[in-house]
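Number of protein chains: 2
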Amino acid sequence: MSQKLGKASMKPEQPVYILSSASVVGPKEGQGPLGLLFDVVGEDDMFGCETWEDAESSLQKRAVSLALEKAGMQPEDVSFIFAGDLLGQSIASSFGLSSYEIPLLGVYGACSTCGESLTLGVMSIAGGFADKVVCVTSSHFASAEKEFRFPLEYGNQRPLSACWTVTGSGAFVLGDKAACSALPVPGDPQPSAHGAPTGNPRAATGRPRAKITGMTVGKIMDYGLKDSMNMGACMAPAAASTLEQHFIDFASQPDDYDKIITGDLGKIGQKVLIDLLREKGYDISEQHMDCGIEIFDGESQDTHAGGSGCGCSAVTLSAYILKQLEAENWKKVIFMPTGALLSKTSFNEGKSVPGIAHAVVIERC
Amino acid sequence: MSQKLGKASMKPEQPVYILSSASVVGPKEGQGPLGLLFDVVGEDDMFGCETWEDAESSLQKRAVSLALEKAGMQPEDVSFIFAGDLLGQSIASSFGLSSYEIPLLGVYGACSTCGESLTLGVMSIAGGFADKVVCVTSSHFASAEKEFRFPLEYGNQRPLSACWTVTGSGAFVLGDKAACSALPVPGDPQPSAHGAPTGNPRAATGRPRAKITGMTVGKIMDYGLKDSMNMGACMAPAAASTLEQHFIDFASQPDDYDKIITGDLGKIGQKVLIDLLREKGYDISEQHMDCGIEIFDGESQDTHAGGSGCGCSAVTLSAYILKQLEAENWKKVIFMPTGALLSKTSFNEGKSVPGIAHAVVIERC
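Residue numbers (our numbering), protein chains in the order written: chain A, 24 to 388; chain B, 24 to 388.
Excised from the complex, chain A in its bound form (with noise of 0.2 Å):
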């Protein structure tokens, strides 16, 4: 049985379903254009924690409480979690998941991490090694500006390159078409996993939220640019490269999709991806959507390019993407987290900030 398709693909004998999802976001999110959308929002952006780190492991671990409960499971029903985020050694998920006593296995592609992991969760279902499993990223914009670049208190200016790290986690419970059945429905009484509140809930429907039917893997693309402050441009070949090798392996087109959606390229980014996939011959400007210029409204929130981080992707997908197939107004997407591949120390250093990015194929059920 072959699931590989071309040099980077992967299609599904039989299609994977998302069985229900959860977003988990800070306050600055919850006033964005997607604010009513979100599962949580928090009152601040420390979540009752005493760190940072602890506020963003918070959310990953609500976000999982939650996705089990819509999907009416406990954690002893899945079988592995796919989880990582961009702090050193992944602690947010480390320190957030803990509880859960689920099999690990941790993963790391920067912001690109959402669409890596969806990609090792649909391989472990349709290659026969798991029946259910969770997929999870977060990301804190104070966690990764202490990460990442200058602490807080010393107010450095943000160019207008710059991007804004959402503060956010979305999490996603995968099963095979067996697991669908098992959904509950509307009536069921909710069992809550973890004893955590649930929020805004989404009434049981007893139906799968969508199916992934195809990935592409990507390479790390690196053309050198060193501006941590310009991660667009940084992580816009890398997005590229992934778009064209999908087409490729697919024998598709941008307008077989009906949104072909970036996780936090921004604004500038944005346009470089168009430029670079129209000298390969791909015009996507039409189908093109990037989830960091969704999640923020740029003039009023002050947060420039757009929204960045493993989280800007995870919860734009959850609350906003899955919404639009459940509602019909889109058939097929293509969804590719993006991620740059630096450390401080590797700026520090004075290295360049290589690329990467993970594309999923995502479709209404």
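Just so you know, nobody snuck in bad clues.
When chains are identical, the list treats them as one kind, so a pair holds in a single copy or across two.
Here are the computed lysine to aspartate or glutamate pairs in the DMTMM-like style, where the Cα-Cα straight-line distance is at most 20 Å: (1) Lys-27 <-> Glu-124; (2) Lys-27 <-> Asp-199; (3) Lys-30 <-> Asp-154; (4) Lys-303 <-> Asp-278; (5) Lys-34 <-> Asp-154; (6) Lys-30 <-> Glu-124; (7) Lys-249 <-> Glu-73; (8) Lys-303 <-> Glu-124.
It should be emphasised that the hints constitute simulated quantities derived from the structure, not laboratory data.
Dock chain B against chain A, hints included.
Just chain B, lined up with the frame of chain A:
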């Protein structure tokens, strides 16, 4: 086709083969008990680079090049590379592997990363998503001390419970049965992948090195220990948890294996692991071996509890464990790298050091 086994394990329907592997280490490792077995021993810890991070990247690059060469492959023959290291944002992998242009799936499991990358690599092949993949991990004593502990120039005293991070990288080319038949045989001209010098390449045999027949994914175990200078004790509960689950899922006993090999528990962690498992009814004292104990001579090399790091288990697997299987001294082993999920931020914020361990079953072909 279910390849799922028990609660946390997987058993591929067809075994996945380790087609080739390579080990690249620093001079201290070259002076240790396994010194003569490694493919490449560097003259100094800088490997011709300007920074420790670049030196670590060069280890990965060299190990992958050599493993591909031994398998008679070029980078474009490989579908995916599963890679990770200990540095924040996995920069050793990002900067070491970009020139290969192989689609990359980044993994993080601290020093358990070699087990995780092999697990995911096997899943990708046994699931039909790829024909050939590379799994690579690395660590470097100096980059790890900088990342986790004190500047080397500070000359801090190390307690006897501390480990010594191994400078090294191990790379493994995995493939299915069909890929085995394409392995180079004696007399074939050796292709040179990436033009790197080959050090001490193993002569072509036309045979894979070993096969992987099962995997058990670990969960995060946190006993609340906070001493980053006693990582063995922090990781031992995770090792015990994964092993117990493995024995349950595979309905096996310790004496079904010739060796049960942990990654870098060291002398203290070894004792804790054996005690913990004895409480659960399993006696592994006869079978247990720890890569961290094997790789250095603690007495003469002043390495205290033993070697550690992602590279420790990876180079020991490539240089020693696989040779023991090939030499028919062992038939079947559990290889289980162990990781401590801390960062300097989590340590400085007073958090505990949770552990994780992933086990793979490796058998003689």
